[in-house]
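Let chain P serve as the given structure and place chain Z on it in line with the hints.
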Amino acid sequence: MTTSQKAPPAPALTRPAGRGRPAPGRGPRPEHTLWPWLFVAPLVAGIAVFYLWPIVQTAGYSFTETGPFGGSTFAGVDNYVALFQDPELYLSLGNTLLYTVIVLLGIPIAVGLASLLNLPGLRFAAVYRVLFFLPYVAMPTAVAMVWRVIFNGDFGILNRALAVVGIEGPYWISTPGAATVAVAVVGLWSSLGFSMIVLAAGLKSIPPELYEAAELDGATRWRQFRAITVPLLTPSIFFVLIITVIASFQVFDLLYAILGSSNPVLPRSMSLVYFFYREGFVANDKGYAAAIAMVIFLLIGLLTALQFRLQRRWVHSD
Amino acid sequence: MTPTRRTSPLRRTALAASAVVLTTALAACGSASGSPDADAAEYAAPDSDLAASITYGVWDQNQVPAIEENIAAFNEVYPDIDVTVNVTPFAEYWTKLQTQASSKTLPDLFWMNGPNIGLYASNGMLEPITGAVEAGDIDPANYPQALVDLYTIDDVSYGVPKDFDTIGIWVNTALVEQAGVELPEDGWTWDEFQQTAVDISEALADDGVYGAAGGMDGQTTYYNTIFQAGGTVVDDGASGYATPEAQAGLQFWTDLIASGGSPSIQQLTDTTADQWFTSGKLAMYWGGSWFRSALTDSDLAEDVTVLPLPSGEEQATVIHGVANVVSATSKEKQAAQALQVFLAGQEAQQQQGDSGAVIPAFEGTQSSFTGSMPDADLQVFLDAVEYSRPLPVSLSSAEWNALETELLPQAFSGERPVADVATELAEQMDAALAEE
Chain P
1 MTTSQKAPPA PALTRPAGRG RPAPGRGPRP EHTLWPWLFV APLVAGIAVF YLWPIVQTAG
61 YSFTETGPFG GSTFAGVDNY VALFQDPELY LSLGNTLLYT VIVLLGIPIA VGLASLLNLP
121 GLRFAAVYRV LFFLPYVAMP TAVAMVWRVI FNGDFGILNR ALAVVGIEGP YWISTPGAAT
181 VAVAVVGLWS SLGFSMIVLA AGLKSIPPEL YEAAELDGAT RWRQFRAITV PLLTPSIFFV
241 LIITVIASFQ VFDLLYAILG SSNPVLPRSM SLVYFFYREG FVANDKGYAA AIAMVIFLLI
301 GLLTALQFRL QRRWVHSD
Chain Z
1 MTPTRRTSPL RRTALAASAV VLTTALAACG SASGSPDADA AEYAAPDSDL AASITYGVWD
61 QNQVPAIEEN IAAFNEVYPD IDVTVNVTPF AEYWTKLQTQ ASSKTLPDLF WMNGPNIGLY
121 ASNGMLEPIT GAVEAGDIDP ANYPQALVDL YTIDDVSYGV PKDFDTIGIW VNTALVEQAG
181 VELPEDGWTW DEFQQTAVDI SEALADDGVY GAAGGMDGQT TYYNTIFQAG GTVVDDGASG
241 YATPEAQAGL QFWTDLIASG GSPSIQQLTD TTADQWFTSG KLAMYWGGSW FRSALTDSDL
301 AEDVTVLPLP SGEEQATVIH GVANVVSATS KEKQAAQALQ VFLAGQEAQQ QQGDSGAVIP
361 AFEGTQSSFT GSMPDADLQV FLDAVEYSRP LPVSLSSAEW NALETELLPQ AFSGERPVAD
421 VATELAEQMD AALAEE
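Chains P and Z, in that order, are what the protein sequence lines are.
Take 1 as the starting number for the first sequence in full-length UniProt numbering and just add one per residue.
Take 1 as the starting number for the second sequence in full-length UniProt numbering and just add one per residue.
Bound conformation, chain P alone:
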């Protein structure tokens, strides 16, 4: 807050001045400091009750031994000690990382698609946009059911198609390794639409004059893409990257629904959140599950902080 500088006498306002600067010379007006809070209060209250408080509670539970119906006893850091010695933590972390890396391959694809859809004079651009966006709004369970059929080892269309070109496809969802890749491919496919829409909006904000100037200088389409589109798109790419990493670290529904709960491969292909679910809701060890949730929370926080740190090196800002 700046108070040192002299401002022209403000008229008697009932609302804060444009810049939110307190009207000088008329003493403190506490209601002005209260107003903004009042406006955001509904949102803050919602976030506090439904997000912040549960995080605090979960952190609390992670230091207890909590049974299936509540009733907890303090256990110190026992859960964390056990967790960091649990090979399943590293197994599920590895699977989650593999999944994330594959889904991230979707970002370059989305950049390409968004640029293509942004080509001047493209007909039916809106139709294509809808088509690419549909998987994102479709229910994950419905998406999973369809892909489950596509991946079917004996009767699935994927292996039938591969057979035509002489490749014998694996039992995608019942072979360790292949299962994680299969789920990640679906994750990539479902996230394409969202990334593309965000990137397309970013493309629209690039001034057309830049392209005109480049064209006058004789730059090819490819050169324009590399020298103008990509650098000016980096803020959007950064946003998409952050969102994709966070979403990928939370993968559960696709994995659970495509592989199926009785799939013997599931325990070897589980993600962090599935690990959390299994400990909390199948094994009924809610304290341990809370510790897993805290680890996921901190990991995502760390990764996001790291990305913000690294972004200065590659994200273009003007």
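Just so you know, the hints here were simulated from the structure itself, not pulled from any lab data.
Where hints are given, some of them may not hold.
Claimed, not checked - Now the stretches of chain Z that chain P is said to cover, found in silico as 3 or more residues with beta-carbon under 8 Å: (1) 98-108; (2) 137-149; (3) 183-192; (4) 305-315.
What the hints assert, rightly or not - Chain P stretches covered by chain Z per the calculated footprint, using a threshold of three residues with CB under 8 Å from any CB of chain Z: (5) 49-57; (6) 173-182; (7) 221-235; (8) 278-291.
Stated by the list, open to error - So these bits of chain P aren't anywhere near chain Z, every CB distance computed over 12 Å: (9) L38; (10) A126; (11) A163; (12) W189; (13) A257; (14) G260; (15) P264; (16) L266; (17) M294; (18) L298; (19) H316.
Cβ coordinates follow ideal geometry from the N, Cα and C atoms, glycine included.
Here is chain Z on its own, set in the frame of chain P:
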């Protein structure tokens, strides 16, 4: 079995807690329908003018028409008890129930199954039926003994089964005929079954048809063969998997897959055994009596019959059934118990059987089920009750069920020797059982 008044510390707390709830509830509505006793298992059939509004939690939409008939009949006796049926799909039922139990908002009356009864009963979430049994309003002798025992935890009974299911072999007779294989007239051995499966697979290999399908699920497959081999799954708080008998029961499925009599474990993961059967690609499917409703209106139905499971050292099948239980925290306990008693009675059970969706549990009301597919010899499922064994469960069922799903396929596929896998499973299962 004599209902006992012995109470564990946990139960005592629960009783005290429910007594408090009961007291406050009564105080709140100023009702004078009985003086609350410290013993909440106390039970009295309500007067017919009791006015209450209760919820009934179930997971099977297919059974709702029959349930609504039940409630209509119930309302003829108790016109002022309003029952709301809440259907939650099975996949979410238990997660939701656990949340409701933690927040003391369980439905007043709800469905319970074997793997979960121990967890809920021992945590004081359920109201015993001891009172209703003592008053003579529920007679456990009317229901299959194995299932009455299933819902008796530490000598306290919490419910009687509303229905039951046993396991049999659903046979596609058209495929068997096409393969030119003879089916046994009555009863068969393990070897005879295995040979039949291989013969069918070989005869119809060009059509991609298999004789039988391996063990992906305990209740319909390997629990049965373990019992038939004279083994156990869980006995006296210890895993039975380390015994040679249980391992013989598992070996049955490894052999079946290795001989080509069954699709591989991977094939069965991608396409489940019941899907193989309903697609006409499987001749013999080990399935529960509940599979009948999947055949309604299917083209397959007229070529289907049922055979009993083969005998190993002995004859055995797994029996299971759903029970109606009352929440210990219900604010309308008397009304909920009245409905619980009514649903266990002969009239309601007959209505359930007439609907054909399930086999009602009340002795003598089952004939309508067998009549619902007259050519399929559904009587096999009823005859099986005589040599049935209750679904193996314990407090930590869910936990060791997950271990079975993870480890046993490695034995069935031949990836590791049966004895190694079973020994590892027994160790991990014992660890889970020790924490109960």
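Does the structure break any of the earlier hints, and which numbers would those be?
-> Violated: hints 2, 3, 4, 5, 7, 13, 14, 15, 16.
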